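Visitor: Produce the entire structure from the sequences given, and follow the hints as far as they go.
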Amino acid sequence: MKKLSLIQLKAGRKGKIVEISGGAALQHRMMGMGIYPGKEIMKYSHFGLRGPVMIKLGRSVIALGHGMAAKVILETE
Amino acid sequence: MIKKIFLLGNPNVGKSMVFSRLTGVQVISSNYPGTTVEILRGQLKVKDEVIEVVDLPGTYSLVSSSKAEEVAVSLLRESPKDETAVINIVDATNLERNLFLTLQLIEEGYSVIVCLNMCDDTAHRGISIDTKKLEEILAVPVIPTCAVTGVGIKFLIERIKEVHPGARNKLTHEERWKEIGKIIESTQQLTHRHHNFRELLEDASVRPISGLLLSVGVIYASFKIVRFLGEFMINKICDPVFFNLYQPIVMRLSQALGGDGFWHHLLIGDLINGKIDFKQSFGVLTTAPYIEFAMVLPYIVSFYFILSLLEDIGYLPRLAILLDNLLHRLGLHGFAIIPMLLGFGCNVPGILATRVLESKRERFIASTLISIGVPCVPLQAMIFGLLGKFSGWYVSGVYLVLFSLILILGVIMNRTLKGYSPEFLLEIPPYRFPPVALLAQKLYFRVKGFIIEAVPIVLAGVFVINILIYSKAFDFVTGIFAPIIKGLFGLPKEAVVALVIGFLRKDVAVGLLMPLGLTAKQLFISATLLAVSFPCIATFVILLKELGVKDLIKAMLIMITVAIVVGTILNFGIMS
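The listed protein sequences correspond, in order, to chains R and S.
111 is the number of the first residue of the first sequence in the working numbering; add one for each residue after it.
694 is the number of the first residue of the second sequence in the working numbering; add one for each residue after it.
Some hints could be false.
Covered, in the sense of this in silico footprint (three residues per stretch, anywhere, with C-beta under 8 Å from a C-beta of chain S), are these stretches of chain R [claimed, not checked]: (1) 135-144; (2) 153-167; (3) 175-181.
Quick caveat, the hints were computed from the structure, so don't treat them as lab data.
Here the structure is a predicted model, which means the values were calculated and not measured.
C-beta atoms are modelled at their ideal positions from N, C-alpha and C, and glycine is treated no differently.
Guide: Listed below in structure tokens is the structure:
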């Protein structure tokens, strides 16, 4: 078990969300889209130079801004 | 007693399409989250009873995060629960995420009917949903539909009368997602399939290198096709009609009017070498229709054809990902590219679309950048028509100046304006291929909108301008501003009228420049000035509505400053 942020996770790897380390508004917004602690996601790709991170979540593909992705903390095997 | 039906659902599930099917009111729908930013109302007849139907902007939950979502949720809350039915539109290909809002609505005691949309798309994605079972578990009617083709809409209307207030215990968000997990397990089956070509393309567009290459290709091809189609229509259809069919008619009218005098001046304009010149005569019946139908309309058709295609396929959000990085430096995020692209058609829908941006600061930056740096189709078409005959550098030059302005102003506003701009969080829809009939309908809707809005203003505008010119009423204004525009921008005093008329419509303003015999450099400067200075009246009104008086004044000050600085730099900076 290793804890890291969505930025650090390698593209193509899966992880389980353990924490959204942001304010209540951000947690709420992500919650509505299904991004919440306990959820397993796959990182698709990462656009360089502080670009967005793409994740696969259930059947949807979601783009998160760099700063937002840094707040998603995951656990990997 | 149900008096109102609200259409509610996640972004990009086809609410507007269902709305069109229910009410017969034609609206724009596209394949990206946040197409609808306004509240749309229509009527539906259910067994002799007329019920109001309200289409709301998409939202993921009943707690809102953007202005558009806020509007949706507050409108629902205002309506008394016992008079309200909610048609909750759900994307069948993404049931899990959609059910969050569904459960929330039922828990809050709304009378919900679930419209399981895009049912035609589930089979080849390897999804099968047990509708009966879902209906049992949710205890509300569930109707599979495909709004694009109209399948299932009849059943949806039939069962609207069955709605009853939901009865589910209120759950915390975590509990709700757990509950959804259980529901999904018992109602949805997935079969694994191999990737098809469409999914490979979807993949390629969300990875950095392939995505970038793809976008360069798409943008280049779009630009080429818009120009090719536009020029094709002008040369093969519009010009022949005007020169071969229309010219003899107006020529006869000109002779009947005696070739001179007030009415001749008003309707036909000035004769150039004894003949009507559609580009220079400037009469209500000559230059006005020529500008709108033979110079602008062809580009309206070709631009909206390509834009509608890209919208419906679902390419635009992919462009947003690629540009997120750059737009961040301008105080915006990736999604802002969509309002900007819409602004290239007409600034008005572009500025309206900024409502999907989360903060007021972002909306101010985006609206200001659109009104300064994004030229609408009518203006662009006139720039092609006017500067196209000189070297290609002049046309590209206008774009180059405008794009540099977007970058420079964006960076400045991002550094100086208070507040911060939120991050990007956007769902990327799968590619969808719209039926041709639907695409044609959307194009027709937009072109019709242009004709209804633009043509009367242009005809009336030319009419009034001609009276003012004839009565020499402009001379006063010209006298005041002539020293400025001559000294700073190197333009003749007649160009003042054109710049003032830019406030009415940009295409008419460029039309006023045509008879002046300006040099390429002067045309280049005045075209650029028309783009960056005051917005046209329609854009002005929408800016006032969206930004409020204070921010509008701020935006206007920026525009005037930019116009003066840019005009002066271009005048003294480039050699003619």
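Visitor: Does each hint hold? Answer for all of them.
Guide: Here's how the hints hold up against the structure:
1. 135-144: n = 8 at 8 Å, threshold three: holds.
2. 153-167: holds (count 11)
3. 175-181: n = 4 at 8 Å, threshold three: holds.
Violated hints for the displayed structure: none, as all numbered hints are satisfied.
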